[in-house]
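> Protein chains in written order, with my numbering: chain A, 1 to 119; chain B, 1001 to 1111.
Note that these hints are calculated values from the structure, not bench results.
Nothing false has been slipped in among the hints.
Derived DSSO-like pairs: lysine-lysine, alpha-carbon spacing no greater than 27 Å straight-line:
| id | chain 1 | residue 1 | chain 2 | residue 2 |
| --- | --- | --- | --- | --- |
| 1 | B | Lys-1079 | A | Lys-41 |
| 2 | B | Lys-1103 | A | Lys-41 |
| 3 | A | Lys-14 | B | Lys-1042 |
| 4 | B | Lys-1042 | B | Lys-1103 |
| 5 | A | Lys-20 | B | Lys-1042 |
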Amino acid sequence: GAVVSQHPSWVICKSGTSVKIECRSLDFQATTMFWYRQFPKQSLMLMATSNEGSKATYEQGVEKDKFLINHASLTLSTLTVTSAHPEDSSFYICSARDGKGLAGTGELFFGEGSRLTVL
Amino acid sequence: RKEVEQDPGPFNVPEGATVAFNCTYSNSASQSFFWYRQDCRKEPKLLMSVYSSGNEDGRFTAQLNRASQYISLLIRDSKLSDSATYLCVVNPGGGADGLTFGKGTHLIIQP
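Given these sequences and hints, build the entire structure.
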């Protein structure tokens, strides 16, 4: 199946620094990627929908100035957590749809996730 | 009411047993449904889609009841490797919408 690669897998940073997470679709083009966040023992929560060549669409309650999303190419989306604080510590996962079959019904593939710990 | 609701478990069952999970969703306009499997500290992986007519894939059977807004997953002859968290996932609308995930049901298969 399609492969989505996420980097870094783990990151530990000091409070106040910014962290960039990359999400790449390795063998298909993804015009749309999704960014999720998962706190321990909680469900994945959609943060934003990343659209290639245009602005991301953020879910209610997600600060767009804090979580910067850039989708500059059909295979790469980046999430930057700006001025990270301990409460931003979480498991961040990206996903992309491979576009097979009817629009919107292609399987969603997930990156391996990035575990962020802010000290 | 939560959008996608699951019993978190954990379900502790002996190897070889049959186990069933249930899930309810609140958005009656939801269009597609899935079960994902998530291992500890890993990303979710698609287990199977859920169709209105019900569908089976080996030891796994999924069923959908649109009238009751209810989805189920049945695992027969459970294996140790089935131990994981099973996520009920709903696509609230067609197109490129992100999915809505339940919190997951934790399954532990005991030898």
